[in-house]
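Here the sequence shown is numbered in UniProt numbering, starting from 1 and rising by one per residue.
Just so you know, these hints were derived from the structure itself, not from any lab. Note that the structure is predicted; figures quoted are calculated from it, not measured. Glycine is no exception: its CB is placed at the ideal position from the N, C-alpha and C atoms. Worth double-checking, as some hints may not be accurate.
[Stated by the list, open to error] Taking lysine to any residue pairs in the SDA-like style, the calculated list, with each CA pair at most 20 Å apart, reads:
1. K198 x Q116
2. K319 x D350
3. K188 x H132
4. K109 x T390
5. K149 x I139
6. K388 x N372
7. K188 x L156
8. K280 x K319
9. K202 x T65
10. K280 x N303
[Claimed, not checked] Derived Cβ-Cβ restraints for the label pairs, each shown as a range:
11. P379 x E234: 54 to 62 Å
12. G22 x L277: 16 to 24 Å
13. L470 x D368: 54 to 62 Å
14. P379 x T294: 17 to 25 Å
15. Q349 x T10: 47 to 55 Å
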Amino acid sequence: MSTEILVNVTTQETRVALVESGLVQEVFVQRESRYSVVGNLYKGVVRRVLPGMQAAFVDVGLERTAFLHAHDIIPSDEASVGEEPAINELVHEGQDVLVQVVKDPLGTKGARLTTQLSIPSRYLVLLPYSDHVGISARIEDDGERGRLKTALEQVLAEEQTTTGFIVRTAGEGASLEALRSDVQFLTKLWDSIRRSAKDAPKASMVYGDLPMVMRILRDLLGTDVDRVRIDAPESYEQVVRFARRFIPEASDRIELFDGEGPIFDLYSVEDEINRALDRKVMLKSGGYLIIDQTEAMTTVDVNTGSFVGHRNLEETIFKTNLEAAQSLARQLRLRNLGGIIIVDFIDMQDEEHRKQVLRVLERAMARDPARNAISGVSPLGLVEMTRKRTRESLEHILCDACPTCGGRGSVKTVETVCHEIFREIMRSARQFEAREMLVMASAEVITRLLEEQSTALAELEDAVSLPVRLQADPVYTQEQFDVVLV
1 MSTEILVNVT TQETRVALVE SGLVQEVFVQ RESRYSVVGN LYKGVVRRVL PGMQAAFVDV
61 GLERTAFLHA HDIIPSDEAS VGEEPAINEL VHEGQDVLVQ VVKDPLGTKG ARLTTQLSIP
121 SRYLVLLPYS DHVGISARIE DDGERGRLKT ALEQVLAEEQ TTTGFIVRTA GEGASLEALR
181 SDVQFLTKLW DSIRRSAKDA PKASMVYGDL PMVMRILRDL LGTDVDRVRI DAPESYEQVV
241 RFARRFIPEA SDRIELFDGE GPIFDLYSVE DEINRALDRK VMLKSGGYLI IDQTEAMTTV
301 DVNTGSFVGH RNLEETIFKT NLEAAQSLAR QLRLRNLGGI IIVDFIDMQD EEHRKQVLRV
361 LERAMARDPA RNAISGVSPL GLVEMTRKRT RESLEHILCD ACPTCGGRGS VKTVETVCHE
421 IFREIMRSAR QFEAREMLVM ASAEVITRLL EEQSTALAEL EDAVSLPVRL QADPVYTQEQ
481 FDVVLV
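Could you build the full structure based on these sequences and the hints that come with them?
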């Protein structure tokens with residue numbers, strides 16, 4: 001399986017696409033007007049403590065106060081011993097706290113914070129307030145896990161470091177010297193952060209994570225990435241310098257793209273992004289998914305569509321569900337959909353078929369770097385799952401709510417609007433005196449009033465004893481209208 005990272009850089013926007021075997025798996029977008037703050041460390045000030053929510057609001061200098069839950073706070077020595085200390089035992093209003101952003105602001109919600117800091121490097125993650133030494137669960141080989149733990153413990157003993165560390169997935173195969181280099185780098189960085197935090201003003205950033213391109217390369221540029229192509233010479237030079245310092249073994253895989261067309265025309269990345277904004281996802285078999293993203297959850301409906309199969313209905317449904325499970329895993333990652341996800345697969349009578357579809361979904365989701373959990377099939381036949389959400393979805397980054405429907409996804413029919421106009425005319429005629437009434441609406445509504453509703457309009461004029469004049473205005477959407485007394 002070939003894997004490439006494509007980087008498109010303009011003055012106001014940077015986009016990164018991860019492509020596996022010619023298919024876009026993940027898209028990252030960062031705009032000058034909307035930077036991600038995940039991973040940044042801030043010297044925050046507690047503004048409000050809410051015992052009923054076991055949470056506090058913290059000012060870190062962002063547009064909205066950020067949210068800090070009791071679960072995400074390391075208890076102080078003064079906190080009462082127990083499974084869950086009360087929030088007012090952990091923090092108080094006006095207190096300075098060193099916090100890290102774990103979720104960007106989403107919609108109307110502020111950023112999500114933690115005091116359980118973690119600072120990543122190429123192979124390791126430093127846990128400054130822990131003495132835990134662990135290995136990423138994605139490194140599955142027991143022999144390699146044992147080797148890495150032994151090597152890391154040896155390095156920590158030699159460096160006389162008692163701070164906690166976790167070996168990242170990218171650390172698989174890392175040498176003793178590579179681990180030592182990362183330990184030394186992170187230890188010095190943490191010392192620098194502590195000094196900066198003491199002198200930093202309240203509600204200010206103490207440490208910023210790497211720019212998006214560098215961060216993605218640090219996290220994704222493993223041995224399985226064949227090459228990185230960047231379409232901007234200046235950014236290319238910066239990335240190469242970064243790679244030579246921190247990922248020297250991968251620096252020769254970074255290329256400057258100088259093709260005739262846009263870099264995102266490769267592998268039809270631009271088309272994939274546009275398709276990822278549609279509700280409907282077509283399957284090769286002719287079936288399709290309908291994906292609806294709401295504030296509370298994402299729902300996915302699976303349909304057979306034009307796929308009729310070759311044997312019987314149960315076999316057709318089974319094959320559609322198998323294809324849907326694989327497509328769904330990719331779509332969740334591509335669209336960066338998180339939180340609660342409810343999947344309505346087509347009903348299957350065969351119990352073994354249901355188990356196989358669930359296994360295929362689990363295997364497909366296992367390749368997703370975002371933490372996820374599938375809870376099985378509910379009594380209603382729905383598959384319930386969760387996927388960790390740390391940044392806004394592709395739709396939220398690239399789209400606004402429709403100004404016509406207000407984000408509902410539907411508008412009132414022309415007939416419905418005509419009836420509303422009739423009621424408004426009746427209401428106005430009873431309340432006010434006028435010589436005539438002027439109705440201003442969209443061309444579609446006015447056409448309907450002049451044609452299909454012309455008889456009803458004439459009867460209404462007789463009922464209110466006023467002439468009604470109609471005027472189409474291109475400014476009005478289908479739902480908008482005005483009844484003006486003249």
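query = Is K188 within 20 Å of H132, Cα to Cα?
reply = holds, 19 Å
inquiry  = Can you confirm whether the C-alpha distance between K149 and I139 stays at or below 20 Å?
reply    = holds, 12 Å
task = Using the beta carbons of P379 and E234, state whether their distance is inside 54 to 62 Å or not.
result = Once the Cβ atoms are compared, 57 Å apart, the range 54 to 62 Å for E234 and P379 holds.
message = So if I understand the rule, the pair passes when the alpha-carbon distance is 20 Å or less; does K202 with T65 pass?
response = holds, 13 Å
query = Is the distance from the Cβ of P379 to the Cβ of T294 consistent with 17 to 25 Å?
reply = Given range 17 to 25 Å: holds, Cβ gap about 22 Å.
inquiry  = Check whether the Cα positions of K109 and T390 lie no farther apart than 20 Å.
reply    = Cα-Cα ~13 Å, so holds.
Pairwise hint evaluation, L156 against K188, where the allowed Cα distance is 20 Å at most = holds, 14 Å
task = Given the hint of 16 to 24 Å, check if G22 and L277 actually sit that far apart at their C-beta atoms.
result = holds, 21 Å
key: Beta-carbon spacing of L470 to D368 - inside the hinted bounds 54 to 62 Å or not   = Holds, since L470 and D368 (Cβ atoms, about 55 Å apart) stay within the stated range.
ask   = Is it true that the CA of K388 sits at most 20 Å from the CA of N372?
value = Holds. K388 to N372 sits at ~6 Å (cutoff 20 Å).
inquiry  = Run the distance test for K280 versus N303: straight-line Cα separation, threshold 20 Å.
reply    = holds, 10 Å
message = Check whether the Cα positions of K280 and K319 lie no farther apart than 20 Å.
response = holds, 19 Å
The structure is consistent with each of the numbered hints, conforming to all of them.
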